[in-house]
Every structure is written in C-alpha cells, then in structure tokens.
Amino acid sequence: MSAVYDRVKELLVEKFGVSADEVSPETTFEELDLDSLDLVEFAMAAEEELGVRISDEEAETIATVGDAAKLLEEKGANVGGA
Amino acid sequence: MAEARPPVAATGLGLVTPAGIGVEASWDGVLRGVSAAATDPALVGIPVDFSCAVPGFDATELLGRKLSRRLDRFVQLALVASREAVADSGLDPAGWDGTRVGVVLGTGMGGAATWEEQHQKLLGAGPAKVSPLLIPMLVPNMAAGQLGMEFGALGPNLSVSTACATGATAIGVARDLLLSGACDVAVAGGTEAGLTPLSIAGFTQMGALSRRTDDPGRASRPFDVDRDGFVAGEGAGVVVLERVADARARGASVRALVAGYGASADAHHATAPDPKGRGASLALRTALADAGVGSSDVGHVNAHGTSTPLNDATEARVVADVLGDHVSVTSNKGVIGHTLGAAGAIEAALTMLTVAHGVVPPTANLDSQDPEIDLDVVTKAPREEPVEVAVSNSFGFGGQNAVLVVTRP
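Chains as they are written, first to last, in my numbering: chain E, 192 to 273; chain G, 171 to 579.
You may find that some hints are simply not true.
Calculated lysine-lysine pairs in the DSS-like style (CA-CA distance at most 30 Å, straight line) [said to hold, decoys possible]:
(1) K299(G) to K261(E)
(2) K236(G) to K299(G)
(3) K261(E) to K206(E)
(4) K266(E) to K550(G)
(5) K206(E) to K299(G)
(6) K206(E) to K550(G)
(7) K206(E) to K291(G)
(8) K261(E) to K236(G)
(9) K266(E) to K206(E)
(10) K291(G) to K236(G)
(11) K266(E) to K291(G)
Label-pair ranges, simulated between beta-carbon atoms [as the list claims (entries may be wrong)]:
(12) D416(G) to D258(E): 46 to 54 Å
(13) T219(E) to R420(G): 40 to 48 Å
(14) G322(G) to E222(E): 21 to 29 Å
(15) D416(G) to S210(E): 41 to 49 Å
(16) G421(G) to D258(E): 28 to 36 Å
(17) N311(G) to D212(E): 31 to 39 Å
(18) Q375(G) to E239(E): 33 to 41 Å
(19) P302(G) to T219(E): 18 to 26 Å
(20) D258(E) to G226(G): 34 to 42 Å
(21) E251(E) to P176(G): 51 to 59 Å
(22) E239(E) to R235(G): 24 to 32 Å
(23) E205(E) to E194(G): 33 to 41 Å
(24) E239(E) to G226(G): 25 to 33 Å
Rather than coming from a laboratory, the hints here were simulated on the basis of the structure. Yeah, the Cβ is synthetic: ideal placement off N, Cα and C, and Gly gets one too.
Make a model of the complete structure from these sequences and hints.
Here you go:
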C-alpha cells in the first residue's frame, strides 16, 4: 500500500489506540470499534497531520481504512518528503 | 415530619478516593488519619496550588485506551468505583434483568477538564478544532449514562446535582426508586474531577479554600480552631442498593442499611449556610423521622465537616441541638479533602464501613478543637465503637442539604 495508507494506519494506532495488526485496507472503522464521532476526530487529525481537509460529506463515504487512504491521496495528501 | 419508611440494603461498595483506589485502600487511608493533600502539578500558577487528587489513577491501564480517550475523568472515576461496587455485591450484570436495574449517579461540576481544554482549542485554533467528543465528555449526566451502558442497566437512569450534597442525594433518590418499585437494584453515588486551574481559581476567589500553601498536609483540619477553608478533592463513591427482602432472598452479604434520608433547602444564600442551621437541622430531623429512630438512638455522625470556619461551626451547633452530646463525630475530609459531588457518597460508604467494622476513623489535623465546637470529635487514632445507628451529613452550595441514616443490618 501507499505511504498515505501507512500514515493513516499510524494515526489510528497513535491517536485511537487501535492495535496495528488489526488494521488492513479492508478493515472498516466499525470493525475497529470507531464510531461517527471518532471519524470526525480522524478527519481533524488527518487535516492536521496531512494537510488535507475532508468535508462532512466526504467523511460519510469512508467505510474502510483503504477508503480513507484513497480519499486522502486523491485530495493530494502530503506525506513526508516536504 | 415524615413517617418512617423501610430501610434498603447496601450490598456493594466501590470507592476511588484521594486515600487510594478501591474500598480497602480508601478505608485504610482514612483510618491512618494522614491528609492526602499535596501540591498539585495541574495547579501551577494558581494561588491555591494544592489539592487532594486520586493517586496513581491510570485510566488507560484501568479502562483501556478507548474509554480513557473518550470519557472525561469524572466518568472514569465513577466507572472504576461502580465496577468495584457491582463486583462486591455479587450480582452478575451478564445475567441480571437489566430492565429492573436503575442508576442514580451525580456530579457537582461535570467534565471540567474537558471544558477548559476545549475552550483553549476554540480560542487558540478556532471552532473547527473543537473535539466532536466535547459534549458527550462534559455533560454531567454522562457518568450515569455510561454506567447504564457498562452494566446493561435499562431501568431509570438519573443524574442528580446538589453541589456538595450530590452523592448523598443520589443514594436517597435511589432508595426512593427501590421503595417505589421502579427498580429492584440501584447503582448509586457521586463523582467529581474538578481539580482544574479554572475551577480552583474560582473556589479560591470565593474564599472557600484553605490558603495553607506552605503546608498542604495540614490544610484540611475540620473542627480545628485554626481551620481556614476546605481542600478540594476528587473521587467517586458508588453503592449497590436493593430492597432488604431481595438481598436476603439471594443470600447477599449486606454491608449496612440505608434506613433514612432527609432532604431540605436553606432557602438562604448561594454559598453561606443559614446561620441558625435551619436547613441542615430540618434535613437531619427528617432523616431521623424517615428512619424511625430518635436522637438518642444515634451513636455516630459522619459530619460534612469541610474545614471552613462557617460550615463547621454551624454544623456543630445543629448536631448538638438535634442529637445532643453523646454522639461520636468524625470528618473524613481531614484525610481526603472535599470531594464535592462525590463527598456524600464516599462518606456514606465510609459510614457504612464504620457501622460494619465498629471503628470510627479519626479526623485528621484536629490538633486543637475550636472551643465553640462542643462535640466529641474523634481525632489522632481510630476509635473502636460499636455503632448501631449513624448519620452522614452533606450540605451543598445553593443551600441543598441531604442527610442519610445508616444502620447495622
């Protein structure tokens, strides 16, 4: 997977207390026991860490960790290098 | 006066206090009689920079990462205390009929730390940086709500708030729910986690706190002639209550009975007690009538005893007037400080332990009893004393009073 995916996974582990081996691109936020409030927090963390703003409408389309990484990539998330 | 009502049984106790985490650590701590007050790193820069905090409360270790992240500390403390109380009761939430289980769990302040932290975010980074968890973390009813989720308790779920009387009011209201038949089991108590810069600055400004910053361990000294205010504390106290017949039928170990409850208002002033103690006196007399006991039956008083000049003088007069001079008196606040919304429940649980063990804990730092206070206050060391009937007093800002009568089963 991409560098953005790796960063998303890191965020979930660091900020949400998810264990790294639970996470795969197909894992849903629901399976990680993360609800809609967590998803809002996730969007805020992603904006802070990756410089990409996710709107509420966009956040609603996220089901899996892979969805989140893909959305952030499409929106030009900046991982490292900068 | 009210007519006497039947008692209910306390079958489980849970405590998280500045004296320690758990009933055993808390009871040992109050028996030792050494104040838990210490300089508080969270209060640097505040004129009163000490408190009675719960030592070594690691929420991640006790509750896991998810709950430690999503719950304000006041809910975390309540959750740990209530888990202990329910386990102690021998009831199994996996097997009980949750529709018959009620929760009455109050707080004076709610999520003070969350308010302050998120207000900083609003001011510093703007509204988009405010956490979506702000509201569920800070609302004062979330401790009761979370306990409902924790135990699958689907019955009446209430949060009461009567300032420093909250914990006692919660136990009284839970008693009423049981006697009315609204539930068969009640998880009841109080919780508080308000040791934050803003709230302590506020208490300081109103002149309520001891200013003994050079010697925090000597600051909380109920009934002492040199008392100068209370020491703010945090914690949670929770009891599991059942009707006596139900508790007996399942062979539960009954720690003590809640035999009476009296509630009243001073209708006098926002913070000062009625100088004649009329509200406190009414609550005490009502509680005795409710329990069906006379003043001569009462052997012991667990006082509100905040260590403020006004409270202790007024309360002492009320106790002497209503009960006379034959009762032993203690205030746990010398050791654990004033745990505000939790105090009434923590101290009710400690009163139950006094009744169960026949031991009255000493009032810490009572070196020289105020000559105006004509009571037999236990000090220096625990006193072995068989107590059949005890009273636990709680008086809140706003003039809200709650008195519980606790008896030996």
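### Query
Among the hints numbered above, which are violated by the structure, and what are their numbers in rising order?
4, 6, 16, 22
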